[in-house]
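S.K.: What follows is the residue order along each chain.
There are 2 protein chains.
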Amino acid sequence: MKVIRVLLVGLGNLGRRFCDLIANKGPELEARYGLCLLLVGVADSRGCASDPTGLNPARIAATKRLGKSVGDLPDVGRPGQPAADLIAQTDADLLCEASPVNLSQGAEPGLTHVRMALERGMHVVTPNKGPLVLAYRKLHDLAARRGVQLRFDGTVAGGLPALYIGQRDLRGATVYRIEAVPNLCTGYVLELLADGLSWDEAQARAREEGVLEADPSFDLEGWDAAAKLVILVNGVMNFPARLEDVDRTGITGLSGADVVAARRQGRVYKLLATTDRRPDGSVIMRVAPTPLPGDHFLAHLGRKQMGVVYHTDIYGTIMAAIDEPTPLPSAATMLRDILDIYI
Amino acid sequence: MKVIRVLLVGLGNLGRRFCDLIANKGPELEARYGLCLLLVGVADSRGCASDPTGLNPARIAATKRLGKSVGDLPDVGRPGQPAADLIAQTDADLLCEASPVNLSQGAEPGLTHVRMALERGMHVVTPNKGPLVLAYRKLHDLAARRGVQLRFDGTVAGGLPALYIGQRDLRGATVYRIEAVPNLCTGYVLELLADGLSWDEAQARAREEGVLEADPSFDLEGWDAAAKLVILVNGVMNFPARLEDVDRTGITGLSGADVVAARRQGRVYKLLATTDRRPDGSVIMRVAPTPLPGDHFLAHLGRKQMGVVYHTDIYGTIMAAIDEPTPLPSAATMLRDILDIYI
Numbered sequence: 001m002k003v004i005r006v007l008l009v010g011l012g013n014l015g016r017r018f019c020d021l022i023a024n025k026g027p028e029l030e031a032r033y034g035l036c037l038l039l040v041g042v043a044d045s046r047g048c049a050s051d052p053t054g055l056n057p058a059r060i061a062a063t064k065r066l067g068k069s070v071g072d073l074p075d076v077g078r079p080g081q082p083a084a085d086l087i088a089q090t091d092a093d094l095l096c097e098a099s100p101v102n103l104s105q106g107a108e109p110g111l112t113h114v115r116m117a118l119e120r121g122m123h124v125v126t127p128n129k130g131p132l133v134l135a136y137r138k139l140h141d142l143a144a145r146r147g148v149q150l151r152f153d154g155t156v157a158g159g160l161p162a163l164y165i166g167q168r169d170l171r172g173a174t175v176y177r178i179e180a181v182p183n184l185c186t187g188y189v190l191e192l193l194a195d196g197l198s199w200d201e202a203q204a205r206a207r208e209e210g211v212l213e214a215d216p217s218f219d220l221e222g223w224d225a226a227a228k229l230v231i232l233v234n235g236v237m238n239f240p241a242r243l244e245d246v247d248r249t250g251i252t253g254l255s256g257a258d259v260v261a262a263r264r265q266g267r268v269y270k271l272l273a274t275t276d277r278r279p280d281g282s283v284i285m286r287v288a289p290t291p292l293p294g295d296h297f298l299a300h301l302g303r304k305q306m307g308v309v310y311h312t313d314i315y316g317t318i319m320a321a322i323d324e325p326t327p328l329p330s331a332a333t334m335l336r337d338i339l340d341i342y343i
Numbered sequence: 001m002k003v004i005r006v007l008l009v010g011l012g013n014l015g016r017r018f019c020d021l022i023a024n025k026g027p028e029l030e031a032r033y034g035l036c037l038l039l040v041g042v043a044d045s046r047g048c049a050s051d052p053t054g055l056n057p058a059r060i061a062a063t064k065r066l067g068k069s070v071g072d073l074p075d076v077g078r079p080g081q082p083a084a085d086l087i088a089q090t091d092a093d094l095l096c097e098a099s100p101v102n103l104s105q106g107a108e109p110g111l112t113h114v115r116m117a118l119e120r121g122m123h124v125v126t127p128n129k130g131p132l133v134l135a136y137r138k139l140h141d142l143a144a145r146r147g148v149q150l151r152f153d154g155t156v157a158g159g160l161p162a163l164y165i166g167q168r169d170l171r172g173a174t175v176y177r178i179e180a181v182p183n184l185c186t187g188y189v190l191e192l193l194a195d196g197l198s199w200d201e202a203q204a205r206a207r208e209e210g211v212l213e214a215d216p217s218f219d220l221e222g223w224d225a226a227a228k229l230v231i232l233v234n235g236v237m238n239f240p241a242r243l244e245d246v247d248r249t250g251i252t253g254l255s256g257a258d259v260v261a262a263r264r265q266g267r268v269y270k271l272l273a274t275t276d277r278r279p280d281g282s283v284i285m286r287v288a289p290t291p292l293p294g295d296h297f298l299a300h301l302g303r304k305q306m307g308v309v310y311h312t313d314i315y316g317t318i319m320a321a322i323d324e325p326t327p328l329p330s331a332a333t334m335l336r337d338i339l340d341i342y343i
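Chains as they are written, first to last, in the numbering used here: chain A, 1 to 343; chain B, 1 to 343.
Heads up, a few of these hints could be off.
[Claimed, not checked] A few chain A residues that don't get close to chain B, going by computed Cβ distances all over 12 Å:
no., residue
1, Leu66
2, Ala135
3, Tyr136
4, Val211
[To be verified] DEER-style ranges, computed between Cβ atoms:
no., chain 1, residue 1, chain 2, residue 2, range
5, A, Ala204, B, Pro325, 41 to 49 Å
6, B, Gly294, A, Leu66, 39 to 47 Å
7, B, Ala204, A, Gly302, 32 to 40 Å
8, B, Thr53, A, Asp247, 48 to 56 Å
9, B, Glu28, A, Asp276, 18 to 26 Å
10, B, Glu28, A, Glu244, 24 to 32 Å
11, B, Gly281, A, Met1, 43 to 51 Å
12, B, Gly281, A, Ser255, 50 to 58 Å
13, B, Gln89, A, Asp247, 53 to 61 Å
14, B, Ala204, A, Ala31, 48 to 56 Å
Treat the hints as calculated values from the structure; they're not laboratory data. All C-beta atoms in this analysis are idealised placements derived from N, C-alpha and C, irrespective of residue type, glycine included.
Based on the provided sequences and hints, a complete structural model is requested.
M.R.: Here it is as structure tokens:
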């Protein structure tokens, strides 16, 4: 039995579900893989908790569902302690960094967390796009220097293993074009618009469903899709793409009438992220609402689905999609990444 | 630079294309991965050729395209030598076994080739379903005992990394249902029938396109799909499924009128392979022509496409498909497998 001491920073939608996962899957992971995930420290925005003999993940999840901070937990909690201190002071094998994405403020505090953990010789697993978008190469170089792994499957298209397929299963190929619908929220809103709902109604419904964040502009203006495209291009095309090089248009300029009219003509609007490799090896990156013809693979994506298409020289065209009715698959990418490191 | 001495047995559709691949991709593989694939021996049904300093893969492919045996090549050829002798006598790191699938005769000679190579301490890469269907567990045990790798991504759904996705990216999950359209030929014929062609016309067209084998019953009667399902269930569900446990119906009992009528009702006939996990851990396996509703992921597959759907407990529903206009992606799975072993 191999015990892996895990730090978890960020206890929002994904962090909480990850706690549920290791609580529920613990015995199965031990039986199938001989691995025991021991949660030795957790942090939310208001404090930390730690216990070298292991926190109870179900209790952590329950605490958060009650709206409390883990800093207030008796015995193990330290209210007000920043996550960075937890990372600096706790002995652990691996950091799960699930703090909120923050592209506008230098990807902090996630970037600092990831960097600190790698410096300290921990593996890092993160669904947080920010650090990867802003420092893809530097973080990989740091991980290589420290002899640890950096995994981030959850940064692109939720629980779809888009990155693993692109990075591993397409080895040996030239990927000359990628098309993706990597953002769930915009697909959901566009479907509602196509059904004839107004923008206000569609946004309200998406918010009720938990699909739309309080500040929806990150999704609706295409920043999320652009960030994912940058990670795909770095990871799969091995090209140092930057966010500022993405030609980005969100969906807010579309009217409901546009979307309805497209459907009548057999076309389906999606916020499409595409990249094409130029003959000189550089790439063109674009995010824009696009009326896909009905026979396009990505036109068939349902309301809570995301997908990616890889056009390759030797593996044909490979397409993958996920139906993700809840954020569980996105949270489970942290488990996938951990198992990929240790098995 | 790591030199990998490769034996290639079977120089049909896939073996020839694999020779092209290593001829064309050689410099790229060296530059990107530091790997040199040295073809030290090849075999077809009429003879062998070998050279410890490396055969020219482009010359091997050209020889086969002229209808000749590699056994007749000057200097390096040995007409009439069986492949088993080549495997027994040649020092190599890895065997690519691409001889024809032969389920009815104990998967021979492929099974013997795979077994011999593993016994001799070679890694084995094979798109040949036969040995895996008939001896999945035994071959894995043998590989483990000898400390070598056995890879067979090309056995299921051509160039689609269906097995890698199922075995690696779904780790930690329970896969409770698999649906697949793993056979290209039947999808092609069913599409032509739906377009109104007669059975004779559809078969003739498929044969012209190289999609239908001389003896089409292996595909049309569902044996190929059943074999692939057995490998999927062994590999992804970790259950010792057997070919004789598949409830198998081919497409030859369908009339063109059935298929056309289904399309008029918005349904699409596919030769669907499904498996469901029972509560006791055992599985139900079925291959049958199935009129899929228009919104089913696999209903959208085009003429030369194959696909798979994994229903999981924690990663949602993950769907993948490939568009494979030529057999190149199927041949390239051998390269994918080799890179997966060595990188």
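S.K.: Each hint needs a verdict: does it hold in this structure or not?
M.R.: Consistency of the hints with the structure:
1. Leu66: A:Leu66 is indeed farther than 12 Å from all Cβ atoms of chain B, at 24 Å.
2. Ala135: At roughly 23 Å from the nearest Cβ of chain B, A:Ala135 sits farther out than 12 Å, so the non-interface label holds.
3. Tyr136: holds (18 Å)
4. Val211: The claim stands: A:Val211 keeps its Cβ more than 12 Å from every Cβ of chain B (closest is about 14 Å).
5. A:Ala204 with B:Pro325: 41 to 49 Å: Holds, at about 45 Å.
6. B:Gly294 with A:Leu66: 39 to 47 Å: holds (45 Å)
7. B:Ala204 with A:Gly302: 32 to 40 Å: holds (38 Å)
8. B:Thr53 with A:Asp247: 48 to 56 Å: holds (51 Å)
9. B:Glu28 with A:Asp276: 18 to 26 Å: holds (20 Å)
10. B:Glu28 with A:Glu244: 24 to 32 Å: With Cβ atoms ~30 Å apart, the hint holds.
11. B:Gly281 with A:Met1: 43 to 51 Å: violated (23 Å)
12. B:Gly281 with A:Ser255: 50 to 58 Å: holds (53 Å)
13. B:Gln89 with A:Asp247: 53 to 61 Å: holds (59 Å)
14. B:Ala204 with A:Ala31: 48 to 56 Å: holds (54 Å)
Hint 11 from the list above is the single one not met by this structure.
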